[in-house]
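Asker: Protein sequences appear in the order of chains F and X.
Its first residue numbered 1, the first sequence is counted upward by one per residue in my numbering.
Its first residue numbered 1, the second sequence is counted upward by one per residue in my numbering.
There could be a bad hint or two in this list.
Claimed, not checked - Negatives, chain X to chain F, calculated, CB over 12 Å:
| id | residue |
| --- | --- |
| 1 | 90 |
| 2 | 121 |
| 3 | 159 |
| 4 | 160 |
| 5 | 169 |
| 6 | 179 |
| 7 | 207 |
| 8 | 210 |
| 9 | 233 |
| 10 | 248 |
| 11 | 292 |
| 12 | 299 |
| 13 | 358 |
| 14 | 359 |
| 15 | 362 |
| 16 | 368 |
Said to hold, decoys possible - Restraint ranges, calculated between C-beta atoms of paired labels, are given here:
| id | chain 1 | residue 1 | chain 2 | residue 2 | range |
| --- | --- | --- | --- | --- | --- |
| 17 | F | 656 | X | 221 | 54 to 60 Å |
| 18 | F | 443 | X | 342 | 15 to 21 Å |
| 19 | X | 159 | F | 67 | 33 to 39 Å |
| 20 | F | 648 | X | 48 | 36 to 42 Å |
| 21 | X | 221 | F | 318 | 43 to 49 Å |
| 22 | F | 656 | X | 342 | 47 to 53 Å |
| 23 | X | 322 | F | 318 | 50 to 56 Å |
| 24 | F | 395 | X | 375 | 56 to 62 Å |
In case anyone wonders, no lab produced these hints; they're calculated from the structure.
Bear in mind the structure is a predicted one, so any value in this text is a computation, not a measurement.
C-beta atoms are modelled at their ideal positions from N, C-alpha and C, and glycine is treated no differently.
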Amino acid sequence: MESSTVKAPTDAGARLRDHLARTKTGSWLDPWVKGALTALAGLIFVLLAYFLIKLFVEARPVFAAYGVLDFVFKVDWLPSQDTYGAGALVAGTVITSIVALIIGVPVAVATALFVTELAPVKLRGLISGTLELLAAVPSVVYGLWGFLFLAPKIKGIEQWFADTFSFIPFIGGEVSAANYFITGLILAIMIIPIVSAISREVMATVPADQKEAALALGATRWEMIRSTVLPYSRAGIVGGSMLGLGRALGETIAVAILIGGATSGVGDSLFSQGSTLASVIALEFQEATASPEHRAALIGAGLLLFAVTLVINAVARGYISRAESRLVRAEKDAKKAAAASAAGEAPKGPSLMSRVPRPHLPELVTSLSGRKRVDSIARGSVGFLTGVALLPLVALLAFLVIRGGGAISWDFFTTDPTGAAGAVSNANRFLGGDAAASTAGQDLGGIRSAIVGSLEVVGLAAVVVVPIGIAVAVYLVEYGQGTWFGGFVRYLVDVMTGVPSVVFGLFVYISLVVSQVGGVPFAGWKASVALGLLMLPIVINSSLPVLRLVPSALREAALALGVPRWKVILRIVLPTALPGLVTGALLAIARAAGETAPIIFTAGVATALVGDPNGPLNTLPAQIYADVTASSSAQHDRAWGAALTLVVLILLLSLVARLAQRRSRIS
Amino acid sequence: MRTRTFAAFGASAVLALGVTACGSDDNTDSTTAASGAATSTAAESTPSFTGSINAGGSTFAKPVYDTWGANLKAQGLSFNYAGTGSGAGIAGVTDGTLDFGGSDSATDDDELKAAEKKNGDVLNIPMFFGAVTASYNVEGVKTGLKLDGETLANIFLGDVTTWNDKQIADQNPGVTLPSSKITVVHRSDESGTTKAFLSYLGAYSKKWEDGPGVDKSVKWPTGTGAKGNDGVAAAIKQTPNSIGYVEQAYALNNDFTYASLKNKAGNYVDPTLESVSAAGDSVEVPADLRFAIGNAEGDQTYPDASATFVVVAKDLCKAGKTEAVAKDIKGFLTYGLAAGQDEAKKLAYAPLPDSVKTKAQAAVDSLECNGAPIAATR
Chain F
1 MESSTVKAPT DAGARLRDHL ARTKTGSWLD PWVKGALTAL AGLIFVLLAY
51 FLIKLFVEAR PVFAAYGVLD FVFKVDWLPS QDTYGAGALV AGTVITSIVA
101 LIIGVPVAVA TALFVTELAP VKLRGLISGT LELLAAVPSV VYGLWGFLFL
151 APKIKGIEQW FADTFSFIPF IGGEVSAANY FITGLILAIM IIPIVSAISR
201 EVMATVPADQ KEAALALGAT RWEMIRSTVL PYSRAGIVGG SMLGLGRALG
251 ETIAVAILIG GATSGVGDSL FSQGSTLASV IALEFQEATA SPEHRAALIG
301 AGLLLFAVTL VINAVARGYI SRAESRLVRA EKDAKKAAAA SAAGEAPKGP
351 SLMSRVPRPH LPELVTSLSG RKRVDSIARG SVGFLTGVAL LPLVALLAFL
401 VIRGGGAISW DFFTTDPTGA AGAVSNANRF LGGDAAASTA GQDLGGIRSA
451 IVGSLEVVGL AAVVVVPIGI AVAVYLVEYG QGTWFGGFVR YLVDVMTGVP
501 SVVFGLFVYI SLVVSQVGGV PFAGWKASVA LGLLMLPIVI NSSLPVLRLV
551 PSALREAALA LGVPRWKVIL RIVLPTALPG LVTGALLAIA RAAGETAPII
601 FTAGVATALV GDPNGPLNTL PAQIYADVTA SSSAQHDRAW GAALTLVVLI
651 LLLSLVARLA QRRSRIS
Chain X
1 MRTRTFAAFG ASAVLALGVT ACGSDDNTDS TTAASGAATS TAAESTPSFT
51 GSINAGGSTF AKPVYDTWGA NLKAQGLSFN YAGTGSGAGI AGVTDGTLDF
101 GGSDSATDDD ELKAAEKKNG DVLNIPMFFG AVTASYNVEG VKTGLKLDGE
151 TLANIFLGDV TTWNDKQIAD QNPGVTLPSS KITVVHRSDE SGTTKAFLSY
201 LGAYSKKWED GPGVDKSVKW PTGTGAKGND GVAAAIKQTP NSIGYVEQAY
251 ALNNDFTYAS LKNKAGNYVD PTLESVSAAG DSVEVPADLR FAIGNAEGDQ
301 TYPDASATFV VVAKDLCKAG KTEAVAKDIK GFLTYGLAAG QDEAKKLAYA
351 PLPDSVKTKA QAAVDSLECN GAPIAATR
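Using the sequences and the hints, build the whole thing.
Answerer: Next up, the structure:
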């Protein structure tokens with residue numbers, strides 16, 4: 001790293017001198033550039049303010065009619081009778097999220113422990129890389145897999161469990177194919193990568209001397225973990241779990257596919273079907289447009305979801321930053337202690353340990369052999385849980401490759417979906433003797449228009465949003481540091497990060513689709529707007545640290561030579577940070593490419609290859625969603641093929657992003 | 001040089017083909033003109049199209065509309081149909097997000113009023129008939145059970161809970177029924193299929209009529225819900241001992257066993273082309289074409305048949321569509337009422353009786369663009 005940063009200024013300096021020779025003027029542009037960047041940052045405020053006001057205004061009728069408390073807690077959601085109490089949806093959201101946390105967090109923490117403390121070094125990268133793969137799989141693919149593979153497979157187990165443990169409240173009775181539990185299980189699999197990644201980061205910061213001290217005192221591996229690693233990283237784990245919770249709350253498409261969609265009441269067991277706030281928005285928005293009450297109720301549900309996610313995310317960030325700041329403090333203390341001991345004073349070891357809350361757990365096993373047994377059992381279960389975390393990924397990938405690979409052919413990529421639902425088999429049962437009329441197999445077609453449409457929608461969003469996002473990040477780093485406005489914009493960006501994608505979809509739907517902006521209701525560019533709103537905070541947040549890492553010596557040197565600030569940004573800051581910026585942008589694009597909920601709200605339904613984004617467009621996620629909710633197995637096959645294509649595209653993007661990151665000179 | 005000549009030759013050949021193709025089009029058009037504009041002929045059902053139609057709604061009718069759209073693709077039509085349920089179809093017309101909506105029950109007065117507020121006159125145009133089947137997935141019962149409306153209502157009310165319940169067994173002597181519990185599957189979205197099915201239940205069960213009632217979605221006393229005919233079909237497939245109601249094409253596609261239902265005349269009738277078509281024989285079609293064919297008269301009439309409608313603004317251009325789209329919609333519907341009827345038959349739906357078809361075509365011909373009749377698509 002050192003050598004590379006030394007290299008950067010020399011050639012940047014050469015470039016600068018070169019440039020200065022040609023032009024020394026241009027500082028008159030500085031206030032304009034600053035103004036423009038500030039205006040762009042202000043755009044975030046305008047966007048978010050409009051977003052909130054629009055949602056509030058549209059949702060007001062339902063809050064006025066029911067009162068906030070009744071709307072939130074009354075269990076009575078019956079669109080056909082125009083009654084909207086979201087109690088059952090709130091309950092469904094809470095139940096599925098709790099299931100996800102109970103299953104997901106222990107597994108995620110175990111994988112993090114395994115990777116940081118127990119696994120052989122060779123395995124570490126492999127396991128964490130695999131978990132990152134899990135994070136890249138889009139929601140709709142989880143839904144597909146859960147619905148077509150997992151749900152039928154584990155129904156027997158669920159029924160056995162329900163029958164055996166029926167004495168436990170909320171368990172027992174008839175198991176429905178779509179239910180709270182299976183939804184929670186899929187959500188658990190989806191949050192494992194996030195929780196695990198954050199836990200890993202925090203665990204990696206546990207000072208090695210503490211761990212070594214514990215081991216030196218004769219602690220077993222497990223005792224070391226229990227007495228140093230876990231207490232030290234508790235806040236980070238809690239924060240990571242809450243971020244996972246935020247994700248689970250807002251998750252839409254996988255839930256909509258798996259939960260069934262019953263809204264009138266809370267199911268009487270864990271294995272009955274229900275609805276969540278997010279799923280009901282996705283499943284009912286098309287019916288709702290003509291009925292103002294229904295529409296207001298759905299927007300109210302979206303607002304509620306937004307508010308809850310906002311609070312959860314804020315708390316999560318609080319925990320995580322507390323964990324981080326404690327690390328900073330501990331490091332400072334360690335430095336101080338080192339300085340003190342260098343100065344010949346008595347080392348103050350305990351000051352470091354005193355920062356960490358000491359658990360006072362009664363020691364149940366004290367004999368050495370007993371302790372060793374506990375150690376091996378604990379390590380064994382951590383390893384086992386890691387295997388459990390990897391299992392779904394292996395199953396998912398295997399199925400994707402087998403089922404998806406089976407569906408793929410040259411024609412699959414070069415033809416459009418015909419829109420036909422496949423042949424009606426057994427038509428003779430209807431036609432009687434009129435066998436001549438039976439249809440030969442109808443051609444379903446491939447997914448060409450879906451691939452092209454996805455590229456179009458995501459590309460359009462990226463072209464507009466990536467530059468804006470980077471510009472806002474530049475403003476925040478170069479001008480906004482320490483100003484109230486900069487802090488305010490930072491906060492708004494964090495708020496935006498927490499908005500569930502389905503709420504963005506709903507927002508674009510009510511503000512652009514229903515009002516037919518551009519002369520048409522559904523249009524590809526409206527999907528780009530929804531995806532863009534989603535990408536913007538991601539691009540900003542991933543650009544900020546990269547820009548901050550540009551050594552200030554570079555900037556100062558250039559400024560000292562009399563180069564105007566805008567040129568410093570353009571010629572020094574951006575080129576130095578470029579690889580990191582590219583990585584961030586690509587990751588944001590990869591995330592957007594797999595999003596389904598905002599697209600089905602905005603891009604409409606289309607089968608043909610369309611170049612004009614001012615009209616309905618087909619996209620890969622929408623195609624998968626349409627095919628997985630169809631009943632014919634031919635369409636399911638196409639869904640697998642499309643899912644494989646989408647996952648491969650997203651992985652390619654992530655791969656390029658990682659390569660760009662590796663090329664980065666500063667990181 | 002040589003390749004260029006070759007290419008030129010190829011191009012001229014293609015051109016020549018194109019000219020012949022155009023020529024034949026012209027011919028058909030002139031025959032149409034000659035035979036008179038008032039009556040629709042087969043020739044008029046193959047117009048060429050200029051753009052795209054974005055429609056949606058009924059999943060009951062989706063297979064047919066999709067097939068029509070796929071058939072007309074060669075003539076330049078780009079047809080998109082979102083299977084979102086009849087309720088969403090009507091809503092889409094009301095707020096203008098759809099070019100036309102598919103709905104299996106004609107719009108009721110409230111819906112019509114809401115739709116006409118923004119769009120001016122809104123038409124219900126019947127397109128074809130279909131059967132709602134009571135499909136089930138019971139191990140060992142491969143033949144069609146006989147069920148009457150009251151028994152079916154009791155199953156959906158949760159009063160009949162096992163397959164070997166006396167009410168079912170009495171109607172099916174000789175069939176071995178398991179003692180397993182019945183799982184009811186119903187729609188979770190607003191659906192015309194639901195309304196058609198429930199009107200059959202409501203006709204024979206006062207308890208149903210007074211309880212959940214007959215509507216596109218109701219408060220279900222029991223069972224699990226799923227979205228769309230597809231969703232219900234998938235749920236039946238995945239759930240042993242379940243019963244649900246799906247349009248016949250979905251039942252056939254999934255190889256479901258479905259019940260013979262007792263009709264008004266007291267006979268148990270299987271849904272077939274004949275028995276579903278029979279439901280239209282005695283139908284009285286009012287001027288606004290809003291009719292239903294459920295529980296119709298006739299010895300061999302299937303009682304749970306349903307007509308499916310296209311809901312569309314009469315003056316398409318005033319409702320915000322371009323003239324090109326208006327022409328395409330008219331062309332699409334005209335095709336559907338002519339050559340499309342046979343396609344529907346192949347997909348296990350029943351064509352409209354001639355008397356109804358004439359009225360439906362008249363309604364299609366009455367579509368307007370800014371007050372002027374829409375010119376026949378050339």
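Asker: Are there hints from earlier that the structure breaks, and if so, what are their numbers?
Answerer: Hints 1, 9 and 10 not satisfied by this model.
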